[in-house]
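Novice: Next come the chains, spelled out residue by residue.
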Amino acid sequence: MKFAFYPGCVAQGAARELKASTEALAKKLGIELVPMPNATCCGAGVITEQNPVLSNTLNARTFAIAEKMGLDILNICGTCQGVMKKAQKELKESPKKLEEANKSMAGSGLEYRGKVKVRHLLNVLIEDIGADKLKSMVRRPLKDLRIGAFYGCYALRPGELSGLKDPDNPDEIENLVRALGGEPVDYPGRLRCCGFPYVMMSKRNALTMAGNHISAAKENGANCMVTPCPLCHLNLDPYQPESAKIVGKELNVPIFHLPQMVGLALGISPKELQLSKHIIRFKESLTQSR
Amino acid sequence: MFFLFPGSCLGMQDHEAPPRSIKKMKTKFKIRRFDPQKDQAPRFQEYELEVPQGATLLDCVNLIKWTQDGTLSYRMSCRSAICGSCAMKVNGHARLACKTQAKDVIKNNLVVLEPLGNMTVIKDLAVDLEPFWEKVEKVMPWLVNDEEVSPGVERLQSPEDFHKIDAASTCIMCASCFSDCCSEEVDKEYLGPTALAKAQRFVCDSRDKKQFERISKLSKEKGIWDCTHCGECSQRCPTDAKPLERIVELRNVALNSGVLNNNGARHAKAFVDSIAKSGRLNENELPVKSMGFFNIKGLLEILPVGIRMLIRGKNPPLIHHSIEDMDQVKKIFREFGEPK
Numbered sequence: 001m002k003f004a005f006y007p008g009c010v011a012q013g014a015a016r017e018l019k020a021s022t023e024a025l026a027k028k029l030g031i032e033l034v035p036m037p038n039a040t041c042c043g044a045g046v047i048t049e050q051n052p053v054l055s056n057t058l059n060a061r062t063f064a065i066a067e068k069m070g071l072d073i074l075n076i077c078g079t080c081q082g083v084m085k086k087a088q089k090e091l092k093e094s095p096k097k098l099e100e101a102n103k104s105m106a107g108s109g110l111e112y113r114g115k116v117k118v119r120h121l122l123n124v125l126i127e128d129i130g131a132d133k134l135k136s137m138v139r140r141p142l143k144d145l146r147i148g149a150f151y152g153c154y155a156l157r158p159g160e161l162s163g164l165k166d167p168d169n170p171d172e173i174e175n176l177v178r179a180l181g182g183e184p185v186d187y188p189g190r191l192r193c194c195g196f197p198y199v200m201m202s203k204r205n206a207l208t209m210a211g212n213h214i215s216a217a218k219e220n221g222a223n224c225m226v227t228p229c230p231l232c233h234l235n236l237d238p239y240q241p242e243s244a245k246i247v248g249k250e251l252n253v254p255i256f257h258l259p260q261m262v263g264l265a266l267g268i269s270p271k272e273l274q275l276s277k278h279i280i281r282f283k284e285s286l287t288q289s290r
Numbered sequence: 001m002f003f004l005f006p007g008s009c010l011g012m013q014d015h016e017a018p019p020r021s022i023k024k025m026k027t028k029f030k031i032r033r034f035d036p037q038k039d040q041a042p043r044f045q046e047y048e049l050e051v052p053q054g055a056t057l058l059d060c061v062n063l064i065k066w067t068q069d070g071t072l073s074y075r076m077s078c079r080s081a082i083c084g085s086c087a088m089k090v091n092g093h094a095r096l097a098c099k100t101q102a103k104d105v106i107k108n109n110l111v112v113l114e115p116l117g118n119m120t121v122i123k124d125l126a127v128d129l130e131p132f133w134e135k136v137e138k139v140m141p142w143l144v145n146d147e148e149v150s151p152g153v154e155r156l157q158s159p160e161d162f163h164k165i166d167a168a169s170t171c172i173m174c175a176s177c178f179s180d181c182c183s184e185e186v187d188k189e190y191l192g193p194t195a196l197a198k199a200q201r202f203v204c205d206s207r208d209k210k211q212f213e214r215i216s217k218l219s220k221e222k223g224i225w226d227c228t229h230c231g232e233c234s235q236r237c238p239t240d241a242k243p244l245e246r247i248v249e250l251r252n253v254a255l256n257s258g259v260l261n262n263n264g265a266r267h268a269k270a271f272v273d274s275i276a277k278s279g280r281l282n283e284n285e286l287p288v289k290s291m292g293f294f295n296i297k298g299l300l301e302i303l304p305v306g307i308r309m310l311i312r313g314k315n316p317p318l319i320h321h322s323i324e325d326m327d328q329v330k331k332i333f334r335e336f337g338e339p340k
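So the protein sequences, as listed, match chains A and B. Heads up: the first sequence begins at 1 in this note's numbering, then just goes up one per residue. Heads up: the second sequence begins at 1 in this note's numbering, then just goes up one per residue.
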């Protein structure tokens with residue numbers, strides 16, 4: 001298995017532990033990750049606010065780069081995945097937009113033909129590797145972990161682009177947790193917004209959202225959470241002390257990036273998964289190898 | 001059985017077999033009941049119903065009321081997805097009951113019905129829509145144009161211009177988006193998706209004369225930049241109105257008409273500038289540029305999280321590198337980079 005690896009800006013910036021843990025997990029699973037050093041930011045739904053044509057064109061270029069490599073794209077950020085799927089849909093539905101985008105790439109040897117598939121690690125783990133295979137590879141069952149899945153908006157909505165069987169009531173992450181020997185925890189808020197997109201504009205509201213969801217997960221028995229989106233992780237982990245203050249509750253809930261959770265179960269060391277980079281750290285007893 | 005609901009959607013959408021051959025299945029309906037005048041707290045009541053083939057969810061709720069429990073309260077009227085009365089939460093998400101085929105929402109022989117969210121319950125599935133309507137009224141939902149027109153002549157609009165407001169015009173005010181809005185949940189002052197979609201319908205109307213005043217007001221606190229972009233509104237919308245897309249269009253108007261003196265617009269501008277310069281996001285610059293360089297209070301507020309991340313080695317790299325082949329990206333920006 002081989003992918004054009006698109007870590008996205010945040011996994012190369014404030015969540016480098018996500019990129020590192022993905023690379024460690026990919027090695028374990030025999031997935032080859034080919035870097036895309038010339039790919040731009042996906043726009044995160046922000047560029048399109050100023051200029052939708054620009055946003056789609058930048059993504060078309062990224063797709064064209066992957067097509068030239070002859071590989072499908074692997075995302076590890078829920079937001080990148082959602083934005084790219086939306087760009088693909090718009091470029092597919094409008095031959096004019098596609099033509100405009102390709103025209104702007106003329107002379108660079110790049111052309112987007114609408115062939116490349118855009119995949120998120122979550123979908124690859126479920127569809128390509130499969131829960132059964134992962135289960136057979138477990139070296140450190142997550143049996144003492146009660147895990148609240150936090151899906152993130154872009155992984156769920158619009159539902160038609162999510163790649164999930166039932167985006168209104170998904171169980172993909174919960175099934176992964178079960179396969180890895182952990183206990184999934186259901187809680188109100190697992191399908192809601194973390195608040196990150198407007199933490200710069202409306203900090204109090206954004207952190208109230210995060211605080212409410214973490215607290216709901218905890219009240220329903222979770223001793224940690226997992227998310228497939230590093231933007232959610234930013235609001236759930238580094239800002240957690242502020243969120244706790246705003247919702248007036250003690251939280252202290254550590255948050256896994258998806259590949260960290262899978263990697264831990266497969267026997268990769270907490271050090272290699274860079275769990276120590278989190279602001280809210282796991283208790284050592286919960287993550288030490290056995 | 002069809003005599004029970006004359007004019008209902010039942011049998012109108014599908015050309016199905018006559019009633020006698022209808023396959024029936026027994027389904028449990030768990031409905032949240034609450035009468036604030038009598039009950040201490042809401043409770044769930046269970047009903048069992050043989051759901052007729054082709055029945056909408058509203059048909060089912062009507063059957064329960066008419067044949068099992070006349071005390072059940074909910075709103076309904078047109079049964080044709082026009083009046084917007086019968087929205088309710090179905091298995092946790094807002095839906096228009098008359099536009100929902102029952103078979104699509106029955107999971108393991110169970111359907112859970114609750115009142116819409118973000119509003120106070122009057123009784124059972126009926127909520128108080130007053131705060132919802134107040135917000136819609138706040139955006140001046142009427143055309144402002146004092147120019148005289150000759151008697152008998154209408155204010156004309158080209159099909160292209162109408163296309164810009166067509167989507168928002170399909171809103172039926174069912175409040176599904178408002179019910180599931182994440183921002184509304186944490187901030188009752190936020191204008192909300194319905195009012196903002198309605199605002200887009202007038203901001204982008206070629207005949208309206210108050211575009212700048214409207215967009216300036218909408219850019220202030222509790223308006224277009226207080227949406228968290230979660231997509232719940234568009235996902236729940238039963239029409240083409242799709243509020244999130246309309247909010248994005250409003251932000252586009254704000255950015256392109258120079259209404260920039262707020263964190264939201266500064267954030268969007270700084271984001272695009274960062275990509276134009278290096279191809280990817282400079283996370284160190286973004287908070288400072290979004291808050292504004294002289295916003296000492298705001299910057300002090302985010303200082304602790306910055307220090308926390310620095311201590312853990314989680315801070316974005318201090319030297320920000322550009323991606324390779326930036327010349328290609330610069331060419332794209334030259335061609336499309338201006339606001340549109």
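Hints should not be assumed to be uniformly reliable.
[As the list claims (entries may be wrong)] Mimicking BS3-like on lysine-lysine, the simulated pairs with C-alpha atoms at most 27 Å apart in a straight line are:
id: 1; chain 1: A; residue 1: LYS249; chain 2: B; residue 2: LYS297
id: 2; chain 1: B; residue 1: LYS138; chain 2: B; residue 2: LYS164
id: 3; chain 1: A; residue 1: LYS203; chain 2: B; residue 2: LYS330
id: 4; chain 1: A; residue 1: LYS89; chain 2: B; residue 2: LYS330
id: 5; chain 1: A; residue 1: LYS96; chain 2: B; residue 2: LYS164
id: 6; chain 1: B; residue 1: LYS331; chain 2: A; residue 2: LYS103
id: 7; chain 1: B; residue 1: LYS103; chain 2: A; residue 2: LYS165
id: 8; chain 1: B; residue 1: LYS331; chain 2: A; residue 2: LYS86
id: 9; chain 1: A; residue 1: LYS103; chain 2: B; residue 2: LYS188
id: 10; chain 1: B; residue 1: LYS38; chain 2: A; residue 2: LYS165
id: 11; chain 1: B; residue 1: LYS331; chain 2: A; residue 2: LYS115
id: 12; chain 1: B; residue 1: LYS330; chain 2: A; residue 2: LYS96
id: 13; chain 1: B; residue 1: LYS297; chain 2: A; residue 2: LYS89
No lab work stands behind these hints: they were computed from the structure.
Novice: Confirm or reject each hint.
Specialist: Cross-check of the supplied hints:
Distance hint between A:LYS249 and B:LYS297 is fulfilled; the C-alpha atoms sit about 25 Å from each other, no more than 27 Å. For the hint linking B:LYS138 to B:LYS164, the alpha-carbon distance of about 22 Å falls within 27 Å, and the restraint holds. A hinted pair counts as satisfied when its Cα atoms are at most 27 Å apart, and A:LYS203 with B:LYS330 does not qualify at roughly 33 Å. Distance hint between A:LYS89 and B:LYS330 is fulfilled; the C-alpha atoms sit about 25 Å from each other, no more than 27 Å.
Note on A:LYS96 and B:LYS164: the hinted pairing holds, with a Cα-Cα distance of about 18 Å set against a maximum of 27 Å. The hinted pair formed by B:LYS331 and A:LYS103 meets the criterion: a straight-line CA distance of about 11 Å does not exceed 27 Å. Between B:LYS103 and A:LYS165 the CA atoms are separated by roughly 17 Å; this keeps the pair inside 27 Å, and the hint holds. As the CA atoms of B:LYS331 and A:LYS86 are separated by approximately 23 Å, the hinted pair is consistent with the 27 Å bound.
Annotation: proposed proximity of A:LYS103 to B:LYS188 is violated, straight-line Cα distance about 46 Å (limit 27 Å). Annotation: proposed proximity of B:LYS38 to A:LYS165 is violated, straight-line Cα distance about 41 Å (limit 27 Å). Between the alpha carbons of B:LYS331 and A:LYS115 the distance comes to roughly 24 Å, so the proposed pair stays at or under 27 Å and holds. Among the hinted pairs, B:LYS330 with A:LYS96 is consistent with the structure: their alpha-carbon atoms are about 22 Å apart, no more than 27 Å.
Of the pairs offered as hints, the one joining B:LYS297 and A:LYS89 is violated, with about 42 Å between alpha carbons and a cut-off of 27 Å exceeded.
Of the hints listed earlier, those the structure fails to meet are numbers 3, 9, 10, 13, in rising order.
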